[in-house]
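Q: Protein chains in written order, with this note's numbering: chain A, 1 to 147; chain B, 1 to 147.
Don't take every hint at face value.
Given that identical chains are not distinguished, each listed pair holds provided it fits within a single copy or across any two copies.
Straight-line distance between alpha carbons at most 25 Å, and here's what the computed SDA-like set of lysine to any residue pairs gives [what the hints assert, rightly or not]:
id	residue 1	residue 2
1	K87	T16
2	K87	R57
3	K87	G110
4	K87	E136
5	K87	R70
6	K77	V138
7	K41	T20
8	K26	H50
9	K58	G14
10	K26	A117
11	K41	E105
12	K41	H137
If you are wondering where the hints come from, they were derived from the structure by calculation, not from laboratory data. Note that this is a predicted model, so its numbers are computed, not measured.
Protein chains: 2
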Amino acid sequence: MSDIIRKAPGLGDGETIEQTQSFLPKFGANGLIPAIVTDHKSGNVLMFAHMNEEALRKTIASGFAYFWSRSRSKLWKKGEESGNLLKVNEVRTDCDQDVIWIIAEVEGDGVACHTGATSCFYRRVVQGREDGTVLEHVALPRPLGHG
Amino acid sequence: MSDIIRKAPGLGDGETIEQTQSFLPKFGANGLIPAIVTDHKSGNVLMFAHMNEEALRKTIASGFAYFWSRSRSKLWKKGEESGNLLKVNEVRTDCDQDVIWIIAEVEGDGVACHTGATSCFYRRVVQGREDGTVLEHVALPRPLGHG
Chain A
1 MSDIIRKAPG LGDGETIEQT QSFLPKFGAN GLIPAIVTDH KSGNVLMFAH MNEEALRKTI
61 ASGFAYFWSR SRSKLWKKGE ESGNLLKVNE VRTDCDQDVI WIIAEVEGDG VACHTGATSC
121 FYRRVVQGRE DGTVLEHVAL PRPLGHG
Chain B
1 MSDIIRKAPG LGDGETIEQT QSFLPKFGAN GLIPAIVTDH KSGNVLMFAH MNEEALRKTI
61 ASGFAYFWSR SRSKLWKKGE ESGNLLKVNE VRTDCDQDVI WIIAEVEGDG VACHTGATSC
121 FYRRVVQGRE DGTVLEHVAL PRPLGHG
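Given the sequences, and given the hints that come with them, work out the whole structure.
A: Right, dumping it as structure tokens:
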């Protein structure tokens with residue numbers, strides 16, 4: 001998979017994006033990087049959104065998650081209005097540094113989704129009776145390993 | 001946030017994309033939907049990739065994760081060569097059905113990343129001594145809740 005190994009500005013000689021300890025987040029053509037947020041206790045995925053450089057910088061500096069709202073074209077501090085801020089425990093990046101993983105604790109009511117659900121991922125895909133697949137609502141948080 | 005509520009083909013009268021039990025995955029302009037994969041036991045995020053409609057359909061039908069490789073422009077059964085297949089425990093979608101979350105078990109060597117790491121997210125962002133942030137390699141799997 002040598003096509004994945006590429007030079008990025010800031011890499012040392014012979015260093016790859018996979019090995020480096022330099023943080024060189026790769027923003028897409030739209031200036032955004034996808035960010036996954038999971039709950040620090042349950043491990044559930046809470047939400048998925050995008051960050052621009054400012055959102056990522058503010059998230060790391062403040063310890064609270066910021067995103068870029070694509071629908072409203074503005075920086076967005078998650079939970080600023082509701083009080084359900086995302087307190088960041090850890091920020092990770094992946095092998096080619098084009099995705100961010102935030103391990104967080106939800107403050108306020110513990111609600112991460114605009115629908116009022118604990119997590120945005122409150123429905124699972126199951127086989128329907130006649131046609132293909134349907135969605136089933138799941139209770140959240142759900143203990144992991146009991147799928 | 002009424003701008004998030006929208007009509008999608010297949011929704012019933014007065015039904016929103018957030019409430020429906022119809023599975024109506026929303027693929028982007030490129031025909032792809034982002035997919036997050038977490039480990040069924042540890043809750044760690046293992047990888048992040050994209051699915052086209054065929055990859056999603058095959059994932060649900062076969063119980064093993066398929067993706068669309070953007071770099072190679074082809075369907076890709078994860079682990080087909082290495083034996084590290086992703087056995088799917090659960091498929092979820094989010095409030096507006098434009099993201100997929102796969103809860104999976106890694107077969108073979110239990111390796112999800114092309115680098116040989118258990119997860120692609122093997123580095124966390126930490127404060128450096130002089131300049132801004134650097135990456136620190138973390139041991140994986142890491143027990144959750146001990147951030």
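Q: If a hint holds in the structure, say so; if it doesn't, say that too.
A: Results for each hint:
no. : hint       : in the structure
1   : K87 x T16  : neither (31 Å within a copy, 30 Å between copies)
2   : K87 x R57  : within (15 Å within a copy, 36 Å between copies)
3   : K87 x G110 : within (11 Å within a copy, 31 Å between copies)
4   : K87 x E136 : between (29 Å within a copy, 20 Å between copies)
5   : K87 x R70  : within (22 Å within a copy, 33 Å between copies)
6   : K77 x V138 : neither (27 Å within a copy, 28 Å between copies)
7   : K41 x T20  : neither (29 Å within a copy, 28 Å between copies)
8   : K26 x H50  : both (12 Å within a copy, 17 Å between copies)
9   : K58 x G14  : neither (31 Å within a copy, 39 Å between copies)
10  : K26 x A117 : between (31 Å within a copy, 20 Å between copies)
11  : K41 x E105 : both (8 Å within a copy, 19 Å between copies)
12  : K41 x H137 : both (21 Å within a copy, 21 Å between copies)
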